[in-house]
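Heads up: the sequence lines are chains A and B, in that order.
The first sequence: position 33 = 33 (this note's numbering), numbered continuously.
Just add 340 to the spot in the second sequence (first one is 1) and you have this note's numbering.
Treat the hints loosely; a few may be bogus.
[Said to hold, decoys possible] Residues of chain A clear of chain B, computed beta-carbon distances all greater than 12 Å:
id, residue
1, Ile26
2, Leu125
3, Gly289
4, Arg335
[Stated by the list, open to error] To give a feel for the contact side, a few chain A residues facing chain B, derived at Cβ under 8 Å:
id, residue
5, Leu196
6, Ile200
7, Leu203
Derived from the structure by calculation, the hints contain no laboratory data.
Note that this is a predicted model, so its numbers are computed, not measured.
Yeah, the Cβ is synthetic: ideal placement off N, Cα and C, and Gly gets one too.
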Amino acid sequence: MFKYLIKRVLWMVPMLIGISLISFLIMHLAPGDITNNEASFNPKASEESRQKLRELYNLDKPVIVQYGLWLKRMATLDFGTSFATHQKPVFWQKTDKDGNVTKGLIQEALPITLMINILGLFLTLVLAIPLGIIAARKYGGWQDKTITLFNFVGFSIPGFWLSLLLMYWLGVVNNWFPISGLHSINYDNLDTLGKLKDSISHLFMPVIIPSVTGLAGITLFVKNGMLDVLFQDYITTARSKGLTEHKVVYTHALRNALLPLITIVGLSIPGLIGGSVIAETIFAIPGMGKLFYDSVLMRDFPVIMGILTIGSALTLIGNMLADVAYAWADPRVRRGVARG
Amino acid sequence: MMNKNLFRKALENPLALTGFIIIVCVFLLAMFAPIISPYDPDDINVKAILLGPSASHWMGTDGLGRDVLSRMLHGGRISLLVGLVAVGISTAIGILLGALAGYYRGWVDTFIMRLVDVMLSIPSFFLILAVIAFLTPSIINIMIVIGLTSWMGVTRLVRAEFLSLNEREFVLASRTLGAKDGRLIFTHLLPNSLTPIIVSSVLGIAGAVLMESGLSFLGLGVQAPQASWGNILTDGKEYIQFAWWLSLFPGLAILVTVLGYNLLGEGLRDALDPRSNSA
Numbered sequence: 001m002f003k004y005l006i007k008r009v010l011w012m013v014p015m016l017i018g019i020s021l022i023s024f025l026i027m028h029l030a031p032g033d034i035t036n037n038e039a040s041f042n043p044k045a046s047e048e049s050r051q052k053l054r055e056l057y058n059l060d061k062p063v064i065v066q067y068g069l070w071l072k073r074m075a076t077l078d079f080g081t082s083f084a085t086h087q088k089p090v091f092w093q094k095t096d097k098d099g100n101v102t103k104g105l106i107q108e109a110l111p112i113t114l115m116i117n118i119l120g121l122f123l124t125l126v127l128a129i130p131l132g133i134i135a136a137r138k139y140g141g142w143q144d145k146t147i148t149l150f151n152f153v154g155f156s157i158p159g160f161w162l163s164l165l166l167m168y169w170l171g172v173v174n175n176w177f178p179i180s181g182l183h184s185i186n187y188d189n190l191d192t193l194g195k196l197k198d199s200i201s202h203l204f205m206p207v208i209i210p211s212v213t214g215l216a217g218i219t220l221f222v223k224n225g226m227l228d229v230l231f232q233d234y235i236t237t238a239r240s241k242g243l244t245e246h247k248v249v250y251t252h253a254l255r256n257a258l259l260p261l262i263t264i265v266g267l268s269i270p271g272l273i274g275g276s277v278i279a280e281t282i283f284a285i286p287g288m289g290k291l292f293y294d295s296v297l298m299r300d301f302p303v304i305m306g307i308l309t310i311g312s313a314l315t316l317i318g319n320m321l322a323d324v325a326y327a328w329a330d331p332r333v334r335r336g337v338a339r340g
Numbered sequence: 341m342m343n344k345n346l347f348r349k350a351l352e353n354p355l356a357l358t359g360f361i362i363i364v365c366v367f368l369l370a371m372f373a374p375i376i377s378p379y380d381p382d383d384i385n386v387k388a389i390l391l392g393p394s395a396s397h398w399m400g401t402d403g404l405g406r407d408v409l410s411r412m413l414h415g416g417r418i419s420l421l422v423g424l425v426a427v428g429i430s431t432a433i434g435i436l437l438g439a440l441a442g443y444y445r446g447w448v449d450t451f452i453m454r455l456v457d458v459m460l461s462i463p464s465f466f467l468i469l470a471v472i473a474f475l476t477p478s479i480i481n482i483m484i485v486i487g488l489t490s491w492m493g494v495t496r497l498v499r500a501e502f503l504s505l506n507e508r509e510f511v512l513a514s515r516t517l518g519a520k521d522g523r524l525i526f527t528h529l530l531p532n533s534l535t536p537i538i539v540s541s542v543l544g545i546a547g548a549v550l551m552e553s554g555l556s557f558l559g560l561g562v563q564a565p566q567a568s569w570g571n572i573l574t575d576g577k578e579y580i581q582f583a584w585w586l587s588l589f590p591g592l593a594i595l596v597t598v599l600g601y602n603l604l605g606e607g608l609r610d611a612l613d614p615r616s617n618s619a
């Protein structure tokens, strides 16, 4: 198991090098060099700011040296300084002589995005697993058909549109939930309970929307997994030795049906991280998605490249954790891993 | 011959048929947009700002007094076009790389599959936005960027098909008889992999339409004054307190179109591939 873990961690190194190549390619995608392009967006871009870009990405050096320096930036997570706020994009926390702490932009934004996505994912699983089980047990019945219909709509509905509708209905018409931000203006004056209530009501819509749109895929997955398992010999054996249906489904079938879910959750990470751009922009949540969107609008390249790298690294780590968890949870794989 | 049978078989599937009818209707509406639109989609009318749905403006008007129905019909052309072209690009790349990997195997396969792994580990929405940051947002760029960032699924699919077909007797026989690589690929391997490619392209269009509407909604896709379903929704958000119709109708249009493609794709999968039991 330990050997597998090491192997799996080392596997991330060539992947990160690949990611560095792709991101390097993106930077050189613009016709001419990016300084021209920036200038064409913003006619006021001065020679000075162009010079800044050239220095940042060492555009005056040979391509291979540029790549080497870019790789070094990625390895040390030093992406330069944001053009917009003069904060560091990633984790560099600086304390000046007066004791004021300047945090990295991603350092401030990432926890918010992670919290919303983890809550959302949790909610998705809590809803999707029972729905998938019902659909599989009543396969072909009205429950299954309703859930299938719901899945098709869930696959097709634009998440940002659902957000707008809920915002209109829950926020504007009924005024039950606040429609933007993480806290109310008077947050600092509230007591602990008030703060908690305030946070929950602000988080309600941002959390519920990605989980509703993600629900369809996971429900379908649980259903198909259950259907595969329910027709296997060992389930027939369990039934014929007189176990209750409840016991057959929930202790014998479910465990095997849910195993592959670990992998699916791992694979859904890039979608969740990417999806946070739209959700956070709509609800004005100061997370990584909104930070990325703002940086793209301002062409704040150090932050863009920083988030791209961190987002990819998170995906790699998530996939690795999923693989390791799978190997740990499935005794068949676990033994295979121990042998191999 | 074979294709005709496939087509008929597919349309016997109720899901595929429903999806097909939806898509045909949406296409007809978009195609005849210039004829059936009651107003010019770009016609600004200061006397008719933010009017609710009525007999003269079925879907109301927007913040500049433009007729929403007319903008929806014209916007539909853009959304449909972007979906088709983007998926055309990604399918072409996917077939090429998948065929190379599945046919030649060895280091070519290893290289292409590692490239797929790397591309999949970058959150696709981040990748697309990062590329757009370095380019100017325009319809052409959107189509290219979506196409260039969504070929990985098709690549894996074509490779898997090629790998399994390579071992089949008819391919071995043809190879033994001295068929060249090109002949093997184009007369045996590719035609026999078409079904899953078609299914994944149809589902891919659904994804591309959603992606385009999301990008346009964020203001990074189709640019005003050119209408698209996504950027009408941007106005919808702006006027959400006063004009629900600006949010409702474009979203419904996206939902129905994407649903149509998804139904068609899943229906085709069910009809053409007896092994699958999805949806």
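Evaluation of the provided hints:
Residue-level check failed: Ile26(A) sits 6 Å from the nearest beta carbon of chain B, not beyond 12 Å. The claim that Leu125(A) lies off the interface holds: its Cβ sits roughly 20 Å from the closest Cβ of chain B, which is beyond the 12 Å cut-off. Its closest Cβ contact with chain B, about 8 Å, brings Gly289(A) to no more than 12 Å, contrary to its assignment away from the interface. Listed as a non-interface residue, Arg335(A) keeps its Cβ farther than 12 Å from every Cβ of chain B; the least gap is roughly 26 Å.
Taking 8 Å as the C-beta contact cut-off toward chain B, the hint placing Leu196(A) at the interface is violated, the least distance being around 28 Å. Contact between Ile200(A) and chain B, as hinted, is not supported at the beta carbon level, the nearest pair being about 23 Å apart and thus beyond 8 Å. Interface restraint check: Leu203(A) against chain B, minimum CB-CB distance 20 Å, threshold 8 Å, status violated.
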